[in-house]
Structures are given as C-alpha cells and as structure tokens.
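S.K.: Residue numbers (the numbering used here), protein chains in the order written: chain H, 1 to 405; chain X, 406 to 542.
Please keep in mind that the hints were generated in silico from the structure rather than gathered at the bench.
Treat the hints with care, since some could be wrong.
[Unchecked claim] Per label pair, the in silico range of CB-to-CB distance:
hint : chain 1 : residue 1 : chain 2 : residue 2 : range
1    : X       : V542      : H       : G284      : 30 to 36 Å
2    : X       : K497      : H       : E193      : 23 to 29 Å
3    : X       : Y418      : H       : A236      : 35 to 41 Å
4    : H       : G199      : X       : V542      : 45 to 51 Å
5    : H       : E193      : X       : E467      : 15 to 21 Å
6    : X       : S456      : H       : G324      : 29 to 35 Å
7    : H       : E50       : X       : S456      : 27 to 33 Å
[Stated by the list, open to error] Derived pair list, reagent style DSSO-like, types lysine-lysine, alpha-carbon separation capped at 27 Å:
hint : chain 1 : residue 1 : chain 2 : residue 2
8    : H       : K377      : H       : K192
9    : H       : K168      : X       : K513
10   : X       : K518      : H       : K168
11   : H       : K72       : H       : K314
12   : X       : K410      : X       : K428
13   : X       : K428      : X       : K513
14   : H       : K314      : X       : K518
15   : H       : K314      : H       : K382
16   : X       : K524      : X       : K428
[As the list claims (entries may be wrong)] Partner residues aside, some chain H positions facing chain X, computed with beta carbon under 8 Å:
hint : residue
17   : P142
18   : Y143
19   : G144
20   : A146
21   : H154
22   : H161
23   : G164
24   : K168
25   : L211
26   : D266
27   : F267
28   : G331
Every value quoted in this text rests on a predicted model; they were computed, and no experiment measured them.
From the three backbone atoms N, C-alpha and C, an ideal C-beta is built for every residue, glycine too.
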Amino acid sequence: MPSNPSMSAAIVGAAESDQIGYIEEGTTDQILHIQAISNVCAQVGISPSEIEGIFSVGYSTNIAEYLGLHPKYIDTTGVGGCSFQMHVHHAMAAINAGIIDIAVVSHGESGYSGGRKNRGRGRNRGAGGSDPWQPASMFADPYGAAGAPSNYSHAMTRHMHNYGTSHKDFAQIAVTTRDWATLNPRAVMHSKETNPYGGKITIDDVENSRLISWPLHLLDCCLVTDHGGAVIVASAERARSFKTKPVWIAGAAESMSHQNMMEMDDFTRTSAPESSLAAYKMAGMGPREMEMAMIYDSFTITAAITAEMLGLAKRGEGPSLWEGGKAGPGGSGIPVNTNGGGLSFSHSGMYGMMLLVEAYRQLSGTAEDGVHGLPGKQTNAKTAIVNGTGGSLSVTGTLVLVADD
Amino acid sequence: MAYNKPIPDPDPYTTQPFWDGAKAGKLMLPRCTNCNRAHFYPRMICPHCYSRQIEWFEASGEGWIHTFAVQHRAFGGWADDVPFVTAYIDLKEGDRMFTVLRGVDAAKPETIKVGASVKIEFEEASETVSIPFWRVV
Ligand SMILES: [Zn+2]
C-alpha cells in the first residue's frame with residue numbers, strides 16, 4: 001500500500017512574467033513562459049538547469065529546448081484552465097515516486113496579443129476545435145455558440161431555475177472581486193490609471209453592463225489578457241533549502257464530468273466535489289479549516305457553483321459566500337480571490353496558474369515584500385483551498401495548501 | 406439565399422444514419438440492443454453498458470428545454486442573427502441535444518421557460534446536409 005503523498009512536496013516559489021495584462025506592444029507564449037521561469041528561479045535561488053521535471057499545457061518540450069534542458073519528467077496535460085492544479089498534483093506524484101526532486105509548472109499565454117494577431121484567422125472561435133468529426137464540431141458548432149461565455153450562460157439559467165437565484169446575486173461576486181483588484185497594483189482593473197474601466201464597481205454597474213450571453217453580462221465575464229506564470233515544486237527533502245519559504249501540498253486531486261457541454265448531466269454541478277473530497281481527505285482537513293480560497297472565476301457562475309462544490313456554501317447558495325462583500329477586503333467571511341480574480345486581475349484564457357501564484361504569495365509571506373516589489377499581503381491565512389475549473393465546466397483540479405510553520 | 410452559417414461535415418463512420426435521417430426530415434437516434442437505451446451524440450459503443458450492438462430508430466422529435474441562453478455576440482453568419490436563443494433539449498427518448506431555439510422572443514428571455522415543450526424541424530443547409538433545429542410548441 002503506497003504511503004499518503006500529503007506533504008511529500010511543496011511549492012517553493014511563484015512568479016509572473018515581466019509584464020501581464022494588455023501588453024500593447026505584443027508578446028508571445030514563449031516569451032511569457034521563459035520570463036516567468038527566469039523570474040521564479042531567481043526568486044527561489046536556483047539555476048534553470050536544476051529543473052528535472054517540466055509541466056505545462058502542451059509547451060514542455062519547447063521550454064526545455066529553449067533553456068537547453070533535458071528533463072527526466074515531461075508532462076503536457078492540457079485540459080483547460082485547471083491544468084495547472086493538475087500539474088501540481090502530477091508533480092507531487094512524480095516527486096513522491098522518487099523520480100524527480102525539482103519541477104517547474106509553467107504558463108505562458110498571449111490571450112490578448114495572440115488574439116489580436118490572429119483576428120480574422122478563426123483562432124479561439126467556438127468550442128469544437130479543428131477536427132470536423134469531433135462531436136462538438138458536428139453537433140454544437142452549427143448553432144453559433146461563441147466560446148466559453150456562450151456555454152457557461154446556460155449553467156446560470158439552470159441555477160436560477162433550480163434555486164431561485166437572480167442575476168443580482170451573482171453580480172455581488174464581480175463587485176467583491178473588483179474590490180480585491182483595487183488593492184492589487186498588478187491587476188488590470190486596479191484603477192482608472194491601469195484601465196479606463198478600472199476601479200470600484202457596483203451591483204448596478206454589473207447589471208447594466210452589456211449582455212454577452214444572457215444571463216451573463218460583460219462584468220460577469222473574465223478578462224482576456226496576456227499572462228505568464230511559473231511555480232517551482234520541490235520534494236520535502238529539498239523544500240527548506242531555498243531562499244524562499246515552502247508552501248506545503250497537503251492535498252491534491254483531480255476529476256472530470258464531461259468534455260462537451262451537451263454531455264453535462266447536471267448544469268449546476270461540476271466534478272469539484274470529487275476532486276475536493278479527495279484533496280481534503282489526503283490533507284486530513286475539511287472546508288471549515290480553509291482560511292482562504294482561490295476559486296476559478298471564469299464567470300461569476302463558475303465561482304458560485306464552485307463555492308458550493310467545495311463545501312464553502314450550501315447547494316444552490318453559492319453567491320452567499322460573497323453576499324454583502326463577506327469574501328472581500330475586511331469581510332466577515334473567508335477571503336476569496338485576493339488577487340482580484342480572473343474577473344478583474346488577469347485571465348489569459350487559462351487562469352489556473354494565477355490561482356497558484358496568489359495562493360503561494362499569501363501563504364508564503366512573499367506578498368509582503370511583493371512580487372516585483374509590489375505589496376499585496378491580504379490575509380494571515382495559513383491554509384488555502386485552490387480549485388481550478390477547465391473546459392465547459394468539465395474538469396476540476398483541487399489543492400489544499402498549508403503554510404510552513 | 407444560400408445558407409451562410411457553419412454546416413457540419415458529417416463523419417461517415419458513426420453518424421451517417423443521423424444525417425441521412427435529417428435529410429429526410431426524421432430524427433434518427435442510436436439505441437443499444439443490449440440495454441435498450443438511446444444515446445446522443447452517436448457512438449460506436451453504448452455509453453451505458455458498453456455493448457457495441459447499436460441500432461438506429463426514428464425518434465419522436467419531441468422534447469423539453471433543459472436550459473437556455475440568449476446570445477448577444479456571435480461570429481460568421483450567426484453574427485447577423487443576434488440576439489438569438491440557444492438551448493439544450495432533453496429528448497423524449499432520453500439524453501440531450503444542443504440547438505438554436507425557434508419560436509421564442511430573444512428580447513424577452515423571461516418569457517422562455519425551462520421545461521417548455523419543443524418539437525424538431527430541419528433546415529436544408531446544403532445539397533447533402535440538413536440541420537436540426539427545435540421550436541417551442
Ligand atoms: Zn447499452
């Protein structure tokens with residue numbers, strides 16, 4: 001019987017690319033990856049040559065070649081925005097198996113620059129991909145759905161039908177998340193200085209923003225930015241040998257319910273109960289012991305459903321976690337998405353890395369000094385639940401992270 | 406006017422009877438002869454019992470709205486039609502299909518009801534492909 005891998009590995013550093021957000025002069029996925037890896041290695045105090053395992057969404061061999069590395073473990077899991085939670089899970093497994101001691105999980109996605117470059121070339125259109133004989137290509141693409149918001153809106157309609165929730169309930173999530181962004185100078189929507197539409201918003205602002213896919217309004221939807229990020233995962237033996245503090249991986253798990261939304265059995269349920277129960281069990285902890293939460297907020301509905309799935313809110317009452325600003329700065333509940341979320345901080349298409357970097361910053365103490373010299377300590381939390389959702393509410397990865405004592 | 410929206414390219418291996426049926430104005434569904442359950446999208450193996458004994462039958466073409474959304478942003482030929490209503494349809498025979506819903510007012514989503522009865526219809530998109538749509542009855 002193999003041993004419980006809980007605490008066999010730790011995240012020992014987390015950094016971003018030099019620039020994030022709307023990079024007007026343009027950038028590439030490669031640049032964002034390499035800058036983030038360079039920055040995290042400097043933060044941790046290692047040479048990139050010490051990296052033994054590379055985990056990324058389909059980019060690991062490019063990274064290795066660019067840096068002249070010959071990794072012993074290569075993982076390219078790409079299942080949407082939660083891939084990075086899974087990469088940490090997989091890196092922990094590889095470390096626990098004794099195959100590697102130091103891994104990098106890397107993200108580089110020019111969601112804004114790349115989208116502009118490819119405008120008119122059909123990139124990022126629809127959910128079906130390029131194979132015309134995939135089920136989504138034949139049975140979904142003919143009906144004009146335009147990417148993630150046009151799918152996720154169906155889940156909000158069904159949530160409202162099942163539980164009597166209203167758009168106003170979900171709007172609070174966008175408002176509270178924006179409040180956090182106003183405290184994070186790196187957030188795209190930090191202020192009027194960082195973006196003409198930045199700064200605080202109200203529930204009315206969300207309700208009056210233009211419709212994208214009813215019931216989703218513009219301010220229910222995440223940003224589409226350029227973003228790079230990387231974390232270093234190290235074995236327990238090595239975790240205390242770096243310049244930085246470890247944040248321990250107490251629990252990690254993943255699950256999925258479907259790929260195409262037409263196969264989503266219950267539109268108000270993701271597989272996060274499965275992934276979080278397994279992660280909680282590995283950690284020997286439960287939702288009541290979580291002192292902060294990083295929840296994928298591709299849309300307000302994603303965050304609301306996930307809060308229910310993680311045991312942080314009752315079924316059908318996901319928005320209650322944010323009600324009246326409870327999950328926001330100075331709120332009476334647990335802090336949620338302290339960086340400003342995919343809604344108001346940065347979201348390049350896949351947001352899972354941003355969840356990891358922020359959780360590491362808050363639990364490691366590096367937020368006090370600030371990544372890139374900026375402050376950002378928002379909580380004294382010692383535990384965090386980190387959950388990513390990928391695809392069309394399809395796939396979930398959950399981590400339970402614990403600060404070093 | 407020629408059909409200006411995405412036209413499916415039917416795969417000839419698993420789904421051809423569906424498209425042949427659509428061409429003839431019939432909803433054809435795959436059903437497992439082992440467990441007698443229908444499924445959609447069409448597969449070569451039953452997703453319920455993993456039998457590979459699949460037959461095709463003409464379904465009722467009736468169903469209900471499981472959930473819906475109003476699309477205010479779209480690309481290609483669909484951009485001309487915004488706002489329009491997309492929906493997931495629960496089929497009378499079981500399982501679910503995605504569609505653009507007809508017979509509803511996209512400007513008044515509050516008048517569209519989850520659970521409302523719908524019926525299938527087909528639009529000829531090309532010489533070889535007709536596309537199913539669902540209409541509120
Ligand atoms: Zn069967």
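S.K.: Could you tell me which of the hints above the structure violates, numbers in ascending order?
M.R.: 1, 2, 3, 5, 6, 7, 11, 13, 23, 24, 26 and 28
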